[in-house]
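Novice: Chains as they are written, first to last, in my numbering: chain A, 864 to 1197; chain B, 219 to 549; chain C, 260 to 641.
In short, the hints are calculated from the structure, not lab data. Hints should not be assumed to be uniformly reliable.
Unchecked claim - Which chain B residues stay away from chain A? Per the calculated CB distances, all over 10 Å, these:
| # | residue |
| --- | --- |
| 1 | 260 |
| 2 | 286 |
| 3 | 292 |
| 4 | 335 |
| 5 | 444 |
| 6 | 490 |
What the hints assert, rightly or not - Below are the PhoX-like pairs computed for lysine-lysine, each with C-alpha atoms no more than 25 Å apart in a straight line:
| # | chain 1 | residue 1 | chain 2 | residue 2 |
| --- | --- | --- | --- | --- |
| 7 | A | 872 | A | 891 |
| 8 | B | 335 | B | 349 |
| 9 | C | 391 | C | 274 |
| 10 | B | 396 | B | 309 |
| 11 | C | 583 | B | 233 |
| 12 | B | 538 | B | 287 |
| 13 | C | 274 | C | 294 |
| 14 | A | 902 | A | 958 |
| 15 | B | 233 | C | 296 |
| 16 | A | 1065 | B | 484 |
| 17 | C | 386 | B | 233 |
| 18 | C | 330 | C | 386 |
| 19 | C | 391 | C | 372 |
| 20 | C | 293 | B | 233 |
| 21 | A | 954 | A | 989 |
| 22 | B | 335 | B | 309 |
| 23 | C | 274 | B | 233 |
| 24 | C | 391 | C | 330 |
To be verified - Examples of chain C residues lying across from chain A (beta carbon under 7 Å, computed):
| # | residue |
| --- | --- |
| 25 | 280 |
| 26 | 284 |
| 27 | 395 |
| 28 | 524 |
| 29 | 527 |
| 30 | 529 |
| 31 | 530 |
| 32 | 539 |
| 33 | 541 |
This structure is a prediction, so every number in the text was calculated from the model and none was measured. Ideal placement from N, C-alpha and C gives every residue a C-beta, glycine not left out.
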Amino acid sequence: MSDALIRAKRLSVGFPIGNGLFRKDILKAVNNVSVTIEKGSFFGLVGESGSGKTTLGRALLKAVPITEGEARYTDGEVDLDIATLEGAALKDYRKRAQLIFQDPYAALSPRMTVRDIIAEPLEVMKITKTREETDARVREIAAKCRLNLEHLRRFPHAFSGGQRQRISIARALVSGPQFIVADESVAALDVSIQADVLNLLKQIQSDMGLTFMFISHDLSVVAHTCDHVAVMYLGRLVETAPTRQLFAQPRHPYTKALFSAIPSLDPDDRGRAQKLTGEIPSPTNQPSGCKFHTRCPFAIERCITEEPELESDGSGHDVSCHRWRELIGVEPAI
Amino acid sequence: MSTLIEVENLTLQFKTDEGLVTAVDNVSFSLARGEVMGLVGESGSGKSVTAKALMHLNASNAVYSPESKITLHTEDGPVDVLSLRKPSDLKVVRGGAVSMIFQEPMASFAPAMTVGKQMIEQLQLHSSMTKSEARELSIEMLDRVGISDAGRRIDQYAFELSGGMRQRAMIAMALSTKPKLLIADEPTTALDVTIQAQVIDLMKDLVDEFHMGIIFITHDLGVVAQTADRVNVMYLGRLIEEGPVRSVIRTPKHPYTQGLIAALPKLDDLGAALTPVPGDIPSPLERPSGCVFHTRCGQIVSDACSSERPVEHQIDETHKTACHIYAEAAT
Amino acid sequence: MSTTSAPTAVTQDQKAKEAYFTASQGQLIWARFKKQKAAMVAAVVLVILILSGLFAPFLSPYDPTIAGRDKDYTNGAPQIPQFCDKNGCSMRPFIHGVTRERSLATNFRWVTKIDEDTRLNLQFFVKGDSYKLFGFIPGSIHLFGVDEGKIHLFGTDEDGQDIFSRTLHAIWTSLRVGAIGVFIAFFMALIIGGVAGYYGGWIDSVIQMITDAVRTVPAIPLFMAIAAFMPPELSSEARFFYISLILGLIGWPTLARRVRTHLLTERNQEYVLAAQLCGAPAGHVIRRHLLPSFTSYIIVDLVISFPYMVLSETALSFIGLGLKDPVSSLGVMLQKATNADVLLNYQWYFIPVVFFIVLVMSFVFVGDGLRDAADPYSDKNK
Chain A
864 MSDALIRAKR LSVGFPIGNG LFRKDILKAV NNVSVTIEKG SFFGLVGESG
914 SGKTTLGRAL LKAVPITEGE ARYTDGEVDL DIATLEGAAL KDYRKRAQLI
964 FQDPYAALSP RMTVRDIIAE PLEVMKITKT REETDARVRE IAAKCRLNLE
1014 HLRRFPHAFS GGQRQRISIA RALVSGPQFI VADESVAALD VSIQADVLNL
1064 LKQIQSDMGL TFMFISHDLS VVAHTCDHVA VMYLGRLVET APTRQLFAQP
1114 RHPYTKALFS AIPSLDPDDR GRAQKLTGEI PSPTNQPSGC KFHTRCPFAI
1164 ERCITEEPEL ESDGSGHDVS CHRWRELIGV EPAI
Chain B
219 MSTLIEVENL TLQFKTDEGL VTAVDNVSFS LARGEVMGLV GESGSGKSVT
269 AKALMHLNAS NAVYSPESKI TLHTEDGPVD VLSLRKPSDL KVVRGGAVSM
319 IFQEPMASFA PAMTVGKQMI EQLQLHSSMT KSEARELSIE MLDRVGISDA
369 GRRIDQYAFE LSGGMRQRAM IAMALSTKPK LLIADEPTTA LDVTIQAQVI
419 DLMKDLVDEF HMGIIFITHD LGVVAQTADR VNVMYLGRLI EEGPVRSVIR
469 TPKHPYTQGL IAALPKLDDL GAALTPVPGD IPSPLERPSG CVFHTRCGQI
519 VSDACSSERP VEHQIDETHK TACHIYAEAA T
Chain C
260 MSTTSAPTAV TQDQKAKEAY FTASQGQLIW ARFKKQKAAM VAAVVLVILI
310 LSGLFAPFLS PYDPTIAGRD KDYTNGAPQI PQFCDKNGCS MRPFIHGVTR
360 ERSLATNFRW VTKIDEDTRL NLQFFVKGDS YKLFGFIPGS IHLFGVDEGK
410 IHLFGTDEDG QDIFSRTLHA IWTSLRVGAI GVFIAFFMAL IIGGVAGYYG
460 GWIDSVIQMI TDAVRTVPAI PLFMAIAAFM PPELSSEARF FYISLILGLI
510 GWPTLARRVR THLLTERNQE YVLAAQLCGA PAGHVIRRHL LPSFTSYIIV
560 DLVISFPYMV LSETALSFIG LGLKDPVSSL GVMLQKATNA DVLLNYQWYF
610 IPVVFFIVLV MSFVFVGDGL RDAADPYSDK NK
C-alpha cells in the first residue's frame, strides 16, 4: 500500500519578471525538484520565505504553470500528467486536488454566507444536481469540520480566525478530493487555536484517507503532523526523509541549522543554537554551485562551482550536499 | 536592583462605534533596571496596548481610568507618564529614556529618508550632538548590531535593506539614544527562523552590554524562554500569571498558561498529542464575566469562576497567578 | 420584574447578535451609514431635493419658462405668506397685493408698493399652467397658488419668471445632466477599466497610457472648443444632450482608474483563487466575486462623482458655454446672479445659489458617509 499519489520529476517553475513591455527575465522559483508523495501520507514541505515552497504546492495543483519537468497524479481511477492538463481533464483534476489557504480572512469572500462559500465548488463543478443535494452535502462536510450547522446562514465576519479556517477546510473538502495542499494553514492562528486546527486536519486525513501536502515554515508544527518531510532552500530540494529520521539525524547543514535555530522552550538551554550567518539570497540573483554555499560553514571549493544532486541512500532519506557523508554527526561549529 | 518603571492599576478602554471596549484591565507590574521581562499573550490579550501605554502612545480614542498610573524612574527623578501632554515632555518616553522596536521595521522607517538621516535626526532631537557626531555614533551603532559596511549602509533607504538587516537597523536606531527601557513588540515574528535566531542573539548581547530594561512582547513562548528573566502572561487584557521564566514555563500555575504550553508542538517528543485550549478567544465586545478565562477553562472550581474576578495569589515569593483554584486551596 | 425581564433581554441580545452575524455586506454598510449623523441629514436633504426636482411641475406654482411669466411683477421681491397684518389675523395664510409704478421720481425703476388692504389668500391644489409630470403625465393642478394674481415665494427675475418655480426645475435639469454624464462616464470606465484590470499586462499598460493622455487634456479650453462647434441654433434639448455627453467623455478616466485598481486587487484575493481552483470559468468569477465586490464601491464612486458633474454643468453654463437662458438649470440661475444690479437691488436672485450649494454639499456628505461605511478597513483599525 505504498503507491505514489504525486510523483514530480525535475520540476521547475519560472516566472517572467520585470514590469516593462519589452524586458523579460525569468525568476526560477522552483528549480529541478523531484518529490514523491505516497498515498495517504501527510507530507511536510519546510522552508523559509523565498524557498519556493508555496510555488511548488501551487504547481502541483496546476495553479501556476510548470515550465519544465513532469508531475503525475495517480489515484487508481485516473492517471494524469499535471503539467499538460487542460479542458475536461483539468476540471476532473480540480475535483481531486484542492488547496487550503494561509490567511483565514482573505480566503473567504465577505459577501457570501458560509453555506454559499462551502457550496461554491459543488455548484461550479456541477457535482450535485439539486439544491437539496447541495445542502445535504454542505451540512455533512460542515459537521465533519466541527462547524455549527446553525451558523451556515452567517457571513464570515461573524467568525474568529480558527472558525474561519475550519470553513476554509470544509470548502476544500466538499468536492471529495484525494489530494490537499495546506499552505501555511495554521501560521496565522494563535497557539491555543492552532493545535485544534492541526488535530482536525490529522483526523480528517485519517478518516477520509486523504493525502496532504503540508507547507509550513514552522518545523515543530511539521514535526508533529507530518510523516515525511522535505526541506527547500532557494527553489531547491535540499533534503527529504521520513520525519523521525530527519529530526533524529539531519544530514544537510541547512536542515541542521534550521533545527538549531528553533528557540528552545527550556530557559536553561540558551545559546546552544548554532546560528547561520547571512540571509537567504534573492531568487533573482542566485549563487553558483550549491545555493547554500554562501551561508554554509562547511562550504569548500567544490560547493561554489558544482551543484550537488539529490542523493538517495535507499532508506528514503535523500540529501543534496557534496559533503553529507563526512558531516554525519558533526554539528556546525561557528 | 532599582525599579525602572512601575505600572499600577492600568486600565485602558477604547471608544468605538460599538461602545467602550476594554483592552487592558487593571494591570500592575514593575520592571527593574537591566531586567528582561517577557509579556506573553495571544491576539486580543492587550500586550501591545500595554506597551504603547508606557510611551503614552495609544490612539486618541483611548480612555485611561483615573486609577491608572505609570511611573518611570529616570536620573532626574520619577516621571508620571500618563500626565505628560506636551510633545517636549513626551520626548523622554518616546525615544529618550524609552525606545521601541516593532514587528514590521518597514513601518518605522520613513520611506523617503535614508536610514542615516533618520538616526541622526533622532539623535539630535534627544541630545546636543552635532551632526557629524551623530553620524559617527549612528555608524558605530549600525556596526555594533552586525550590519557590515555600515558606512555605506547608512546612506541607503530602508527598502534597499533585507528584512533581517532592516530589523537590525531599527534596533540600532532604538538603542542609539541609550534608552533605559527598550520595548520590543514582536521583533522577530516577521522574520525567518534562522534570522530570528540571529536577532535574538543580538538582543541578548545588547542587554549585557547596555544593561537596560527590556519588555519583550511576543506570542511565542520559545522566544520568551530564550530571552526573558521574568514572564507576564496576559489574557483578554488581564495579567493572569507572573513569575520567573523557569518557574512559569516549567510549572505554570494558571490553567491558561498550562493550556498554552500543552498546545505547543514540542520537538523532543514528536509523538505527543497536541492539546488545544478548547473554544475560541472571545471577541473584545463579549468580555466574559468573572474570570475572563472561564469560558475556555477545563478546571472550573466553583460558580465564583464565572461571577467573581479572581484575586492574585502568591504561589511563592516571586510567582503569582490570578486564579480561583488557589483561592479555594488557601481557605 | 427583573427576573422576568432578564431572559427576554438575553434573547433580545441573542437576536441582535444573530442579526449582525447574518447581515450581508449591504446591510452592514447601511448600519454603519446610519450611525453617521451628518451623512444621514445630508441623505434626507438630498432625497427632499431630488423629490422636489422630480415633482417640480406640481410643486411649483407656475411654468418656469416665459410662458409662466408675471409681466406685472418683473424683478419682484419675494412674497412671504403671513397670517396677520395690521387689519387682524386670518386662518388662511395670505399675501398682500401690490401696485407698481415707475416715474422720474423713482429713477425710472419699477417701485413696488404693497397694498396692505388687499389680501390674496393662499390656496392649495389650484388649477394653473398645464404641465407634463415626468414628461408624459399631463396635469394642471399645482400644489399652491393664490386666488387672484400670483405668488412668488422667491421673487421674480427680469422677465417676471417665478424664481421658485425655476429653481425647482433647475434642480431637476442639473440632476439629469449629472446623471446622464455620470452614466456615460461610468459605462466607459467600467468597460475600459474592466478590460485593463481583468487582463492586466501590456493591454493594461496601453490603456493606462491612453487614460493618462485623456486626463491631461485641460477641461476649459476643450469645453470652449466644443462650444464653438455647437451650432447656436441647436434646440435646448440637443444642447442638453451634448453637454451631458461632453461631461461623460471628460469624466471617465478617473473612474476607470478606480475600477481598474479595484479589479486588480480583488482579482488577486485568495477567495478568487479558491474559486479558480474549483475550475470556475471567468464568467463565474466575474459574476459571483468581482461584480458583487464592486457594487458598493461603484455606488460610492458614483455618488462622489455626481456633484462634480453638477459642478461642471454649472460651471459650463455659468461661463455661457452650456445651457442657455430659456432652460432652467442651476448654472443658468447662477449666471443670472452675477451682475451688479442684482447685488444691489435684487438679492433674491441668490436664492438658487443656496440650493446649489446645499445640493452639492449633501451629495458630498452622502458620498463620504457611504465611503466610510463601505470601507472594509474602517472597522479593522479599532
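Novice: Compare the structure with each hint and give your call.
Specialist: We went through each hint and held it up to the structure:
| no. | hint | in the structure |
| --- | --- | --- |
| 1 | 260 | violated, 4 Å |
| 2 | 286 | holds, 27 Å |
| 3 | 292 | holds, 30 Å |
| 4 | 335 | holds, 24 Å |
| 5 | 444 | violated, 4 Å |
| 6 | 490 | violated, 8 Å |
| 7 | A:872 x A:891 | holds, 16 Å |
| 8 | B:335 x B:349 | holds, 10 Å |
| 9 | C:391 x C:274 | violated, 49 Å |
| 10 | B:396 x B:309 | holds, 14 Å |
| 11 | C:583 x B:233 | violated, 53 Å |
| 12 | B:538 x B:287 | holds, 21 Å |
| 13 | C:274 x C:294 | holds, 20 Å |
| 14 | A:902 x A:958 | holds, 17 Å |
| 15 | B:233 x C:296 | holds, 17 Å |
| 16 | A:1065 x B:484 | holds, 17 Å |
| 17 | C:386 x B:233 | violated, 57 Å |
| 18 | C:330 x C:386 | holds, 19 Å |
| 19 | C:391 x C:372 | violated, 35 Å |
| 20 | C:293 x B:233 | holds, 18 Å |
| 21 | A:954 x A:989 | holds, 11 Å |
| 22 | B:335 x B:309 | holds, 19 Å |
| 23 | C:274 x B:233 | holds, 24 Å |
| 24 | C:391 x C:330 | holds, 23 Å |
| 25 | 280 | holds, 3 Å |
| 26 | 284 | holds, 5 Å |
| 27 | 395 | violated, 39 Å |
| 28 | 524 | violated, 11 Å |
| 29 | 527 | violated, 9 Å |
| 30 | 529 | holds, 4 Å |
| 31 | 530 | holds, 4 Å |
| 32 | 539 | holds, 4 Å |
| 33 | 541 | violated, 12 Å |
Hints 1, 5, 6, 9, 11, 17, 19, 27, 28, 29, 33 from the earlier list are contradicted by this structure; the remaining hints agree with it.
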